[in-house]
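Residue numbers (the UniProt record's numbering), protein chains in the order written: chain A, 1 to 380; chain B, 1 to 235.
Any given hint could turn out to be false.
What the hints assert, rightly or not - Here are the simulated distance ranges between beta carbons: (1) A:Lys300 / B:Asp67: 21 to 27 Å; (2) A:Gly265 / B:Asp67: 49 to 55 Å; (3) B:Glu132 / A:Ser367: 33 to 39 Å; (4) B:Glu83 / A:Gly347: 34 to 40 Å; (5) B:Met81 / A:Ala351: 37 to 43 Å; (6) B:Arg80 / A:Asp267: 51 to 57 Å; (7) B:Pro121 / A:Ile366: 26 to 32 Å.
Note that these hints are calculated values from the structure, not bench results.
Heads up, the beta-carbon is just placed ideally off N, CA and C, and yes, glycines get one too.
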Amino acid sequence: MGYLGLARRNAWRKPLRTALLMVCVAIAFLIYGLTASFQHGSQGAAGASEDLLGVMSAAGRGQSLPMAYLPRLEAAPGVAAVAWMARLRGFAGAESNVIAVSAADPERLAAVNGPELGLAPGLMAALTGARDRVLVGHALAEAQGWAPGQRITVTAFDTPTAAGSRDWQFEIAGIFEGAGPSTDTYFVIARYDYVNALRARGSDSVDAFVVRPQEGVSSGELARSIDALFANSAAPTRTQTEKQFLEAFLRQFADVGLIINLVVGADFVTLLMIVINTLVLAVRERRFEIGVLKTLGFSKRRILALVLAETLFIFAVGGGIGLALAKGATLLAGASLGLVLAPLILGKAIALIVSLGAVSGLIPAISAIRSPVITALRTR
Amino acid sequence: MTEPATDAPYIALKAVQKGFKIGAEAVPIFTALDLTIPRGDFVAIMGPSGSGKSTLLNMLAGIDSPDGGELRIGSARLDRMGEGARSSWRAHSMGIVFQFYNLLPMLTAAENVELPLLLKPLAARDRRARVEKVLDLVGLSGRGGQYPALMSGGEQQRVGIARAIVSDPALLLCDEPTGDLDRKSAGGVLEMLRFLNRKLGKTIVMVTHDPRAASCARRTLHLDKGQFLEERRAA
Ligand SMILES: Nc1ncnc2c1ncn2[C@@H]1O[C@H](COP(=O)(O)OP(=O)(O)O)[C@@H](O)[C@H]1O
Ligand SMILES: [Mg+2]
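Using the sequences and the accompanying hints, generate a full structural model.
Structure, rendered in structure tokens:
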């Protein structure tokens, strides 16, 4: 039995208690890992651009803007490029399997949004072959099991074709990867000319223009001047950065998201309070034994190290299991849920594990090493 | 190691003061206690309950400190040492045996005995060899893997003695080592202590209520009201 062996024997003197504590820590860090991954992932706004501007109808989501705005936007000072897109929301197969299609002009899209979405020139070339060709985001393709060359049918919720059908046929021309793991790639890019020609209503309208400002132009100021441009027209605009837009969009679910965050946060805190409290009591129970060790000549520092080794051991094993489970979950369900367990989250979690393990050891250890040996020995 | 190397006594207390505060009230235990013990001696300390026997032993063990006066053991001035220095002095210079054994329940007998050796720069193999040797010495060879809860009181106390001597200290302190034992087990433990004193030259200070235990010592001191009353030398 070495020195660490002594700490291990202490930890396992009540195996059930120690195992349950480890389970608690594991669950707490599974929760932590998943929530943080969710916020960091594409469902959050972390991957959104702060440069690109989205121009939408001030009347709200679902209201469109006329294509006729394009020349005025292009002529506005500070604008480098303009793209546009029309949204088509539908499902593939089951109604719950929601698919979002963004119809855009391929060249314009590549010019404005190319780097963010990972739209390589080869991909754009593939799209030009036929009008019903589409590009599918990596996350969506993986979740649906779609491959290039495949023909798919998306049944629109509220955009019928001129022929009166709600079924839209597309051919997959390629897969786009997105710039990084937290870029949202859970959608389809279709050709605007195809969708616009075929749809029964709303011809020559767009849901949004996407504006790339010129180098050195403040996106905030440009947004204000664009909105001023259309302030007195039939359809005033509301211009935001993509990040602002996504954040505002996510805030629509705030009531749900906030509640989830609160519940999850409360769970995390509660579990850790239970663990810390139990460890504090477990070490307090041992005042007498600590007194015996001190009598034998164990210094304060050694006793502190002994207690810390034990609590850190419990937190390290529990936290390690929790984070491993969280990692497994993001790998299994990451694509469709947009979960990314980034190294930064992992680092924060590890720092948290170490400091919590230290705190739950320090609280009882400090009071134990402070009390004089004879006091400790008289506690029995 | 049967004779002291110099004339200076091994243990010397001069005008030691010690008291406790109970609430706001200061309760003096010793006002001016003097005591000298030569190297290789075996001293029994007797006296009524509450006369300060354990307090004296705790000061000799360096787990309590005098309020005033001088307390020297060997070359160590315990009254002048801080907590850290006394801690490392304890690890190297004395072994202690308690009335209720004070073994750690989650460790086996051998692991309990090994505890003081964790404070020494010894390899695991050397530690194990020394543990085997002392367990053998106290008559518990082959029982090292057992947990204290499964041992009799006498056996537990022999584990306690093994733990006290495993790092080979010159001084052995015992606080009522037979107080919790039946006659037969007590006899075994006393035999053990006598052996450690006579054959291995350990200096032993033992607090006891038991006249039979005291008769194993070379001399007996009676403590009452903070003073030693008389001295009786064993034959
Ligand atoms: N830590 C302490 N705090 C307060 N009083 C104490 C403490 N330790 C001992 N005493 C008191 O000091 C006196 C002597 O105690 P002790 O040395 O344990 O006596 P003995 O071992 O001879 O029975 C007793 O009255 C006891 O109540
Ligand atoms: Mg006593």
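When you take the CB atoms of Arg80 of chain B and Asp267 of chain A, is the distance between them in 51 to 57 Å? 55 Å, holds
Holds or violated: the 26 to 32 Å window for the beta-carbon distance between Pro121 of chain B and Ile366 of chain A? 28 Å, holds
Given the hint of 37 to 43 Å, is the C-beta distance from Met81 of chain B to Ala351 of chain A inside that range or not? 40 Å, holds
Could you check the hint for me, namely that Glu83 of chain B and Gly347 of chain A are 34 to 40 Å apart, CB to CB? 38 Å, holds
Regarding Glu132 of chain B and Ser367 of chain A, is the given constraint of 33 to 39 Å on their beta-carbon distance met? 37 Å, holds
Distance restraint hint 21 to 27 Å, applied to the beta-carbon atoms of Lys300 of chain A and Asp67 of chain B: Check passed, 22 Å falls within 21 to 27 Å.
Cβ separation of Gly265 of chain A and Asp67 of chain B, checked against the hinted range 49 to 55 Å: 53 Å, holds
Of the numbered hints given earlier, the model fails none.
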